[in-house]
Every structure is written in C-alpha cells, then in structure tokens.
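K.L.:
Model the full assembly from the supplied sequences, consistent with the hints where possible.
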Amino acid sequence: MNREDMINTTRAILAKAGFDVSSAISIRSICFDVVGRRGSTLLIIKVLSNVDAFSRENANEMKIMSNALDASPMIIGETSSSGKLEKGIIYTRFKIPIISNETLADQLLEEVPPFIFAAPGGLYVKIDSDTLRELREERGISLGTLAETAGVSRRTIQMYENGMGAMIDAALRLEEFLGTDIIEPLDPFTYAKDEKVEAKEVKGTGSKTGSDQLDRLVNIGFSITPIVRGPFDAITRDSDSNTVLLTGVGDEESKLIQKALIVSELSNLSHRHSVVIVRKKPEHERIRSTALVTDDELKKIDDKDQLTDIVLSRSTKK
14 MNREDMINTT RAILAKAGFD VSSAISIRSI CFDVVGRRGS TLLIIKVLSN VDAFSRENAN
74 EMKIMSNALD ASPMIIGETS SSGKLEKGII YTRFKIPIIS NETLADQLLE EVPPFIFAAP
134 GGLYVKIDSD TLRELREERG ISLGTLAETA GVSRRTIQMY ENGMGAMIDA ALRLEEFLGT
194 DIIEPLDPFT YAKDEKVEAK EVKGTGSKTG SDQLDRLVNI GFSITPIVRG PFDAITRDSD
254 SNTVLLTGVG DEESKLIQKA LIVSELSNLS HRHSVVIVRK KPEHERIRST ALVTDDELKK
314 IDDKDQLTDI VLSRSTKK
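Taken in order, the sequence shown gives residues 14 to 331; the numbers are from our numbering.
Please keep in mind that the hints were generated in silico from the structure rather than gathered at the bench.
Keep in mind that a hint or two might mislead.
[As the list claims (entries may be wrong)] Calculated pairs, EDC-like style, for lysine to aspartate or glutamate (alpha carbon to alpha carbon, straight line, at most 20 angstroms):
(1) 221 / 200
(2) 97 / 83
(3) 312 / 225
(4) 139 / 99
(5) 293 / 225
(6) 294 / 308
(7) 213 / 200
(8) 100 / 200
P.N.:
Here it is, written out as structure tokens:
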C-alpha cells in the first residue's frame, strides 16, 4: 500500500469512529499528515510506509505542536527495518507512539485495545502493579515465590510492583499462578508532555525569531514558538489570557490561500484561532476562519490584546 492510500485509510478509520478529520496535508516536508478530534481527544498524525524515515526533527516539531494544542502525537506505519509492524503492538520512536492502521481500527472500531508494547530487548506488557502487590500481600505470597513462578529475580518482581513493564511470558505465568487478570490494556493516545521542547520558545522584548513579523509579535508581549515543518510558521501565545494563535507569514501570494485554508481547518479542530500576516492588503479580512493582518497594521499595534481583538473579530465575522 502506498503512503497516499495509507493516509486515506487512516482518515477513513477516524471518520468512521466519529472523529472530525482534517484533509490530508499535501504540502511536502510537513511534520504531520492528518489531524483528528473526537471530544477532548485531539490527534496529530504522521503516516509513513517505513517508520525508520521519521526523523528526530519531525518528532520535536510534533511534540511542540502537541504541547501547545493539548494534543497527542502519533505515527501510523506499515514497516520498519525489523519487518512489518504487528497488529496489537505499540511501538515508539523518539517517545512518540507508533501503531499500524489495523491496530488503530481495532482500538477505535472494535474497542479492542493493544496489550503489547515494543521496547529495547523485546515485547512487553503493562502489569496492574497495585493489584499485583495487593494480591501478594493479601495471600501472604513471598517475593521469592512470585519470582520463581515468573522466572525472574525478586528485584524484578519489586520493579513490576513499581510499574515496570514485564516480558509477556513472565506476565502470563503470574496471571496463571494468581488466577487473576493483571495485564492491563494500553492506550495508544496517551502522551505525556515533553517539557524539554519548551526551550524553543522565544519571548521577551528584543528577542529574535528570524522573522520581522514574528519579532514584532514578541515585542508587543507574545511568546513565539517557531514551526519549521508545519503549514504555519509559529505558535503564538499570550500566557496572561491563555490565548494560542496558529500564525502564518504570507510572503508568497500564490501560497497565501493554500496556507490560510489549511490553518483554518487546523485551528477549528484544535479549538484555537489563526492568523496569517500578509505584506499586501488583501481583498478580504479573512480566509474561512483565518484572520488576515497586514504588515502595516501589525506595525501600528503596540499591545498584544489589540492584536488578539482584531484576530477574534475577523475570524468570527460572518
């Protein structure tokens, strides 16, 4: 299956499961291909035939976006250097979950979650550590007995009770011995924020982003996180009002409409507002829900609340 077919399959699965789904992002060198929302779950998805092609730079950009938009990044893949991605297994690359479309369909359409995750050394499962400890203590079972049953050390049993993943065979032996299900299902949409990516944020008067327009936003009080591999150029934040703007800079007239249309779709799905800063005065003040602000207008704005009001007014105007 080629990548375009894989993307269409991913979008179809999400739509059938009740997600609002973006169009496939067709711009080259973008760090994601599909965005989907269902309720409070917002997914930012990259689709690759071979997941080894996923770079650290792409991962960092997806994490930056996910942190800012309260989203979960995910890779949908088909193969890696080790072979085909197996159904029902969660893999990872740069701490971003990877699953196949088959696993996605099972999770969303059949309500059959994955139970196995791949990590250095093999395949593992997550044990309900609280239940394991409670059963051992209630029944007076020693660490040594459980260790012998599972074929591991006493120290390993203690680590299971503290939340460490277990090899599949060891976990199954423990379940059989205890007569209780202790292997937990996994949620491929769970993502812990990577706080390290916040270091890319630019803020404070006089700080530089590499763009005159974005520098102006910094100087009037916003913080800026530049985006290199996205359909927009930055995530603009006002920490005082918790405002987040997906921000593009429309230098090339021919790409302005395409950029604004994509950003509109993403801003609607992420429940954020969007703005594209343009050099020439456009015919309209917005494209769909993306507000258009000219360079000249931006130069006259000296307060972040003033820009926010303009964006909100133009993006919601009927």
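K.L.:
So which of those numbered hints doesn't the model satisfy?
P.N.:
Violated: hints 1, 2, 7.
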